[in-house]
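Sequences listed follow chains A, B, C, D, E and F, in order. The first sequence: position 169 = 169 (my numbering), numbered continuously. The second sequence: position 2 = 2 (my numbering), numbered continuously. The third sequence: position 13 = 13 (my numbering), numbered continuously. The fourth sequence: position 42 = 42 (my numbering), numbered continuously. The fifth sequence: position 131 = 131 (my numbering), numbered continuously. The sixth sequence: position 85 = 85 (my numbering), numbered continuously.
The hints are simulated quantities; they were obtained by calculation from the structure and are not laboratory data. All residues carry an ideal CB built from backbone N, CA and C; glycine is no exception. Watch out, some of these pointers could steer you wrong.
To be verified - Calculated cross-link-like contacts (lysine to aspartate or glutamate; reagent style EDC-like; alpha-carbon spacing at most 20 Å):
(1) Lys-254(E) to Glu-157(F)
(2) Lys-254(E) to Glu-140(F)
(3) Lys-254(C) to Asp-102(D)
(4) Lys-254(B) to Asp-102(A)
(5) Lys-254(D) to Asp-102(C)
(6) Lys-254(A) to Glu-226(B)
What the hints assert, rightly or not - Partial selection, computed: residues in chain F whose CB lies under 10 Å from chain B:
(7) Ala-54
(8) Ser-73
(9) Glu-80
(10) Met-96
(11) Thr-99
(12) Asp-102
(13) Ala-104
(14) Ala-105
(15) Leu-177
(16) Ala-215
(17) Asp-216
(18) Asn-218
(19) Gln-222
(20) Ile-250
Protein chains: 6
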Amino acid sequence: MLRTNLLHSLHAAGTPIINAWAALPTGYSAELLGHSGYDAITVDAQHGMMGFDAALAMLQAISTTAAVPLVRSSGLVPPEIMRWLDAGSYGIICPMISTPRDAAALVSACRYPPTGDRSYGPARGLLYGGSDYFSHANSEIIVLAMIETEEGLANVEAIASTPGLDGIYIGPSDLSLALGQSPVTGPSTAIVNGAIEHIRAVTARAGGIAGIFCADGNVAAQRIAEGFGLVTPGNDATLLRTAATTAARIARGK
Amino acid sequence: MLRTNLLHSLHAAGTPIINAWAALPTGYSAELLGHSGYDAITVDAQHGMMGFDAALAMLQAISTTAAVPLVRSSGLVPPEIMRWLDAGSYGIICPMISTPRDAAALVSACRYPPTGDRSYGPARGLLYGGSDYFSHANSEIIVLAMIETEEGLANVEAIASTPGLDGIYIGPSDLSLALGQSPVTGPSTAIVNGAIEHIRAVTARAGGIAGIFCADGNVAAQRIAEGFGLVTPGNDATLLRTAATTAARIARGK
Amino acid sequence: MLRTNLLHSLHAAGTPIINAWAALPTGYSAELLGHSGYDAITVDAQHGMMGFDAALAMLQAISTTAAVPLVRSSGLVPPEIMRWLDAGSYGIICPMISTPRDAAALVSACRYPPTGDRSYGPARGLLYGGSDYFSHANSEIIVLAMIETEEGLANVEAIASTPGLDGIYIGPSDLSLALGQSPVTGPSTAIVNGAIEHIRAVTARAGGIAGIFCADGNVAAQRIAEGFGLVTPGNDATLLRTAATTAARIARGK
Amino acid sequence: MLRTNLLHSLHAAGTPIINAWAALPTGYSAELLGHSGYDAITVDAQHGMMGFDAALAMLQAISTTAAVPLVRSSGLVPPEIMRWLDAGSYGIICPMISTPRDAAALVSACRYPPTGDRSYGPARGLLYGGSDYFSHANSEIIVLAMIETEEGLANVEAIASTPGLDGIYIGPSDLSLALGQSPVTGPSTAIVNGAIEHIRAVTARAGGIAGIFCADGNVAAQRIAEGFGLVTPGNDATLLRTAATTAARIARGK
Amino acid sequence: MLRTNLLHSLHAAGTPIINAWAALPTGYSAELLGHSGYDAITVDAQHGMMGFDAALAMLQAISTTAAVPLVRSSGLVPPEIMRWLDAGSYGIICPMISTPRDAAALVSACRYPPTGDRSYGPARGLLYGGSDYFSHANSEIIVLAMIETEEGLANVEAIASTPGLDGIYIGPSDLSLALGQSPVTGPSTAIVNGAIEHIRAVTARAGGIAGIFCADGNVAAQRIAEGFGLVTPGNDATLLRTAATTAARIARGK
Amino acid sequence: MLRTNLLHSLHAAGTPIINAWAALPTGYSAELLGHSGYDAITVDAQHGMMGFDAALAMLQAISTTAAVPLVRSSGLVPPEIMRWLDAGSYGIICPMISTPRDAAALVSACRYPPTGDRSYGPARGLLYGGSDYFSHANSEIIVLAMIETEEGLANVEAIASTPGLDGIYIGPSDLSLALGQSPVTGPSTAIVNGAIEHIRAVTARAGGIAGIFCADGNVAAQRIAEGFGLVTPGNDATLLRTAATTAARIARGK
């Protein structure tokens with residue numbers, strides 16, 4: 001009896017998924033996030049500050065809670081993606097997917113044959129998922145492609161309909177940059193907002209999870225109102241810095 | 001030219017010291033705190049989740065900023081205290097000081113002969129402090145005793161006047177427990193508040209730094225108004241958990 | 001609602017507790033033990049090869065399973081013992097308890113006031129135990145004293161009846177050495193066996209958990225038959241070495 | 001006088017090589033394997049749970065013993081492969097080699113010019129191998145290609161005869177998957193057994209080392225009987241889990 | 001106000017840049033180098049012995065000093081290169097650049113759009129660089145290509161004039177190997193010396209920084225006399241080994 | 001057949017022991033020292049920058065070489081000392097031994113009963129020492145007391161004749177401080193020199209190893225000439241810093 005991936009049922013029920021973002025390289029902070037009301041926690045192996053050794057401890061810490069562990073890989077690097085899955089991640093968010101071919105390669109890296117070409121050796125995945133991990137991993141593990149280039153934007157329909165892909169995750173900063181704007185994480189210029197809404201709508205039509213990184217809880221709530229199915233209200237490093245800065249300011253009476 | 005300890009001049013000027021508290025075992029979070037407006041950052045080797053290996057990286061991270069690195073030791077354990085100083089801490093906060101003799105032993109562990117019996121071998125302290133570290137370390141390094149037992153409370157005048165001790169730091173939770181109350185970190189029952197004010201007043205009269213751990217920035221601001229010279233508006237783990245919980249709640253529209 | 005300590009109910013029900021022993025300094029092996037059918041897993045901070053940084057990852061890994069996390073401290077060192085509890089250990093096994101005074105100091109280090117003098121700051125303990133950790137920690141956390149000296153043996157009745165102590169854990173090797181024998185972990189000479197049985201009987205009479213380290217599963221089964229309530233069938237390093245040696249031998253056709 | 005690679009002489013003498021497989025991320029378990037009767041120990045950087053920082057400690061630990069340190073890379077990633085060699089690995093097992101071109105690229109990454117294009121900077125390799133490492137590394141370091149795809153199977157003759165390649169290592173699980181079977185590590189269906197025997201025979205004819213991962217010592221002994229020159233009787237994580245499970249079961253009297 | 005990259009102004013002023021090379025995987029040694037009179041310190045992620053987790057601590061340690069932190073990547077691997085920049089490296093030295101296309105891809109990985117395709121998420125880069133990191137990172141971050149293949153040598157003019165590339169760094173060992181010579185780091189055969197001088201002259205003509213790894217301080221001084229703008233007088237591992245060997249020899253009276 | 005401790009035979013033969021001192025927290029630097037011509041390497045757990053997790057990797061790295069691994073403990077802390085021995089240290093150097101009672105407690109912590117009270121559980125010691133470790137550890141493991149206080153100096157005869165103690169190690173800096181002088185590591189004022197010579201002579205007369213920390217190789221050679229049996233020509237951090245500073249200076253043409 002494999003552990004089912006809660007994110008599938010939340011998505012099926014139309015319940016928005018609240019996803020935390022972990023950039024601090026320690027299991028203790030990841031565990032704290034797991035006690036803070038999130039459905040999923042993404043270990044950010046692209047812009048986060050952890051190598052494999054720290055990330056493993058984070059995945060274990062997340063596994064002490066009900067939150068689903070995800071990893072954002074550093075790129076479309078199949079050997080690395082397979083390692084995150086073996087380490088017990090129950091999903092992959094992959095940056096810089098620009099073509100249907102990229103998307104297919106991403107899915108393939110996350111699925112055992114005959115669907116894909118993931119190599120067998122589930123290691124910690126087996127401990128997290130359960131003894132019949134192999135039988136169900138292909139259907140339980142979530143695969144999300146990030147669209148954040150002009151080419152990706154142009155290909156969004158084809159990407160969103162890639163067999164086996166569970167949805168699209170938007171990084172507003174890189175998307176803004178790709179569209180010639182400044183890298184903001186909140187609501188942005190009309191051109192960026194239009195692109196975001198376009199990706200969301202196409203993804204929703206294809207039945208996928210439409211996810212997006214948000215500046216904070218308020219932006220996240222708004223994104224949910226817009227129809228997004230997975231939102232990330234900030235990352236732990238920013239939350240900590242903001243909270244610490246506020247606490248210091250208040251202490252100083254400012 | 002040794003790096004002078006900013007905390008001495010702040011105290012001399014009557015400027016309250018805003019101190020962050022680091023329990024997360026990673027240099028990245030410690031460095032974030034150093035960019036969040038604090039005068040000092042205390043690595044908590046008593047209740048924090050780091051061993052020496054992680055703490056060293058935290059002390060290095062703090063040293064990239066203007067904040068003064070302090071360590072709270074696990075107890076009155078001189079060989080451990082000396083290691084924190086060698087690792088570049090510019091001050092020690094020592095828990096559970098109950099007698100003048102405890103206080104004298106604490107000071108002795110932090111001072112080179114003839115004042116104390118700190119062993120020579122400054123290691124990273126030399127890198128942080130400068131090439132003439134030995135000549136000035138005894139006067140630059142801050143030593144704070146925690147009073148958090150009934151016996152300590154009874155001895156507060158003698159402890160506060162221990163030669164070489166720079167002040168008293170109050171842990172309201174343990175003090176509350178010692179006085180038969182629940183372990184709260186904010187304003188508390190009359191008996192605890194009375195004890196806190198008593199310690200503060202005695203310390204101030206002795207010319208020392210009166211410091212205290214606070215639940216948050218508001219409590220810290222109030223403690224400053226009461227005359228405290230060093231306040232800690234929460235620790236990083238709690239700040240992160242609170243901020244993360246709030247962000248998730250807002251995202252959920254609650 | 002605090003997580004209850006499964007070991008109390010097993011003991012109350014007269015069900016023997018099967019306890020794993022972790023000497024390998026990694027969370028992955030600790031997590032594997034948690035999937036191998038044990039009721040408890042003890043991180044061995046005395047003879048095991050981990051510092052605090054590795055032990056924390058082990059405690060997190062154990063928390064992903066149903067096994068109860070325990071730590072054997074390096075000795076009767078209260079500041080260290082308190083750190084293990086703050087890191088989420090749900091029990092302490094303390095070596096070299098020789099007098100009732102030692103036993104009382106051990107219990108005191110594991111209990112918040114007014115029962116003991118544990119310092120408040122539960123950190124990961126709060127995450128593992130639950131939000132009302134403080135209210136129930138004193139009764140949930142298991143405290144076991146090791147008797148392994150002649151003096152301890154002479155004082156066994158007084159030690160076993162120390163208020164707040166949950167039982168006695170026997171290290172047959174050190175006990176053998178104390179009695180002038182070789183350090184074996186299986187059944188031993190008559191003098192050692194007599195001492196072991198004496199300790200067990202006294203502990204049982206006092207209502208405590210009588211625990212013992214065993215060479216392997218067979219010895220453990222025999223100890224249960226003798227009336228022991230907690231047995232440790234070998235440690236992970238030895239299990240791995242033995243299994244690896246056997247596999248190599250078989251592969252070589254020997 | 002470079003340290004010679006024991007595996008070459010064992011192969012030349014027709015003596016089967018018994019190879020341990022290390023997935024636990026710690027030098028202590030790797031060192032235990034080195035004391036358990038193996039000729040070689042492979043640090044598994046594909047499905048094992050270690051990053052570079054932990055793997056370095058494992059390679060050092062293996063170097064305290066007579067066992068030859070090998071690394072399985074995460075894939076055919078030359079910069080990564082070169083790092084394992086610089087860290088002191090005396091051989092590479094590379095997964096997913098499907099074409100002669102793949103095989104040639106693998107060999108090239110492991111050989112200094114003019115034979116290959118390995119970058120110079122042997123670091124720990126120099127300490128392990130000796131001061132004339134550069135002169136002899138090309139001939140001492142073992143390079144094994146894994147055949148585990150249909151394409152690889154079709155190309156086995158060309159791959160096995162790649163100049164500089166020392167042999168083929170079979171991962172029965174991935175090979176089974178590639179052939180439309182379930183991922184088992186013991187003897188399997190006729191189609192898989194046929195493929196395994198075919199690869200072995202071709203490799204042997206080409207003079208290479210034919211290696212294979214095995215479920216346990218018994219399977220390994222059988223593989224040796226079939227003519228395999230290098231066998232891996234299980235990995236450390238599985239050995240530990242099995243041994244720990246057995247010990248717990250026996251203790252429970254089951 | 002972004003932290004300006006000291007190396008640009010040194011280069012503009014014609015002042016030779018003295019660069020340390022860090023292969024030891026610890027922040028303490030990196031910090032020692034930062035106190036030893038260097039303008040820059042390069043964390044060697046190609047031949048050095050650190051993974052990301054150790055490298056992060058090294059970059060923090062370097063940031064406690066005035067030395068500019070650089071990283072040599074393991075190869076031309078854009079996702080990895082972007083991670084080093086996010087971790088706070090203020091420059092990249094990339095091995096094995098053989099074509100103008102390689103050089104352009106390297107520059108692109110180091111520059112935000114529209115100049116390049118670096119992904120946004122500066123993390124520690126923001127802490128090191130300052131709050132307006134994004135606005136100035138493209139111009140502050142140094143990008144150096146290593147030419148160490150025959151093809152690279154043939155393409156040196158085109159590579160050196162790649163828009164956005166700040167210069168060329170020569171690895172004499174790999175260049176020697178590429179030219180059919182032995183891998184030496186000091187002055188070498190006429191053919192290697194000729195190639196080195198050619199690369200230097202072409203780079204200088206293009207206005208770039210011409211850098212080179214040197215066996216020791218004397219070779220470095222000579223390289224400066226030859227016109228090099230950035231020299232590396234040995235790496236920390238070699239410096240330590242040489243110094244330690246000398247100290248032992250002298251102690252033995254040899 | 002236990003590994004014999006080379007230091008005993010060197011001492012018996014009157015051959016001076018050249019001892020390296022490791023303060024850098026990484027196995028790679030420790031391994032480099034082991035290839036640099038030393039008879040022993042001391043991991044400095046008092047003033048060095050490593051916790052247990054890093055020290056374990058260092059001890060493993062030293063074990064790849066012929067050098068004997070020693071540890072200087074943080075103080076006279078028996079549970080800590082026993083951990084270093086279990087981790088495979090073949091000797092202890094203990095700071096701040098001032099009385100015969102201190103010396104006896106130190107010896108006791110290093111010897112199994114009936115000689116001492118070391119707890120049984122040799123862990124890595126067994127791997128390093130061999131399968132009959134227990135039978136011979138008491139005689140193979142070296143125990144050196146540091147005399148560096150006035151009281152210690154006054155008690156030197158009694159300390160040096162403590163049964164089981166193998167010798168005295170002098171820390172000239174702390175001894176200088178204790179005698180009211182500045183903390184120098186080279187030849188010093190007449191009063192310090194007199195004390196050093198006195199300790200050496202007393203130790204030699206008692207048949208013990210007289211050891212001393214030295215500023216560099218020249219001082220070490222001189223100390224050997226004076227009759228010292230074990231010398232430490234500087235530590236790795238200082239060697240690296242000095243060598244790096246010199247290389248940078250030479251590169252700058254100074």
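Now the hints, each set against the structure:
Restraint check: the Cα-Cα separation between Lys-254(E) and Glu-157(F) comes to about 34 Å, which exceeds 20 Å; the hinted pair is violated. In summary, the hint linking Lys-254(E) to Glu-140(F) is not supported, as the alpha carbons are separated by about 29 Å, beyond the 20 Å threshold. At most 20 Å may separate the alpha-carbon atoms for a hinted pair to count; Lys-254(C) and Asp-102(D) exceed this at roughly 38 Å. Our distance criterion of 20 Å between C-alpha atoms is broken by Lys-254(B) and Asp-102(A), whose separation comes to about 38 Å.
At most 20 Å may separate the alpha-carbon atoms for a hinted pair to count; Lys-254(D) and Asp-102(C) exceed this at roughly 38 Å. Pair hint Lys-254(A) plus Glu-226(B) holds up; C-alpha atoms about 17 Å apart against a cutoff of 20 Å. Taking 10 Å as the C-beta contact cut-off toward chain B, the hint placing Ala-54(F) at the interface holds, the least distance being around 5 Å. Using the Cβ-Cβ criterion of 10 Å, the hint placing Ser-73(F) at the interface with chain B is satisfied: the shortest such distance is roughly 8 Å.
Interface hint at Glu-80(F): satisfied, since its Cβ lies 8 Å from the closest Cβ of chain B, which is below the 10 Å cut-off. For Met-96(F), the interface hint holds, since its Cβ comes within 10 Å of a Cβ in chain B; the closest pair sits about 7 Å apart. Look at Thr-99(F): its Cβ only gets to about 15 Å from chain B, farther than 10 Å, so that hint breaks. Annotation: Asp-102(F) was flagged as interfacial toward chain B, and the flag is violated, the nearest CB pair being 13 Å apart, outside 10 Å.
Among the interface hints, the one on Ala-104(F) is violated; its C-beta lies about 19 Å from the nearest C-beta in chain B, farther than the 10 Å criterion. For Ala-105(F), the shortest C-beta to C-beta distance to chain B is roughly 14 Å, which exceeds 10 Å, and the interface hint is violated. With a least beta-carbon distance of about 4 Å to chain B, the hint placing Leu-177(F) at the interface is held under the 10 Å criterion. A cut of 10 Å between beta carbons decides the hint on Ala-215(F): the least distance to chain B is about 13 Å, and the hint is violated.
For Asp-216(F), the interface hint is violated, since its Cβ never comes within 10 Å of a Cβ in chain B; the closest pair sits about 16 Å apart. A distance limit of 10 Å between C-beta atoms decides the matter here; for Asn-218(F) the minimum to chain B is near 21 Å, and the interface restraint is violated. With a cut of 10 Å, the hint placing Gln-222(F) at the interface with chain B is violated, because the nearest CB-to-CB distance is about 21 Å. With a cut of 10 Å, the hint placing Ile-250(F) at the interface with chain B is violated, because the nearest CB-to-CB distance is about 21 Å.
When the structure is compared with the earlier hints, violations turn up for hints 1, 2, 3, 4, 5, 11, 12, 13, 14, 16, 17, 18, 19 and 20 and for no others.
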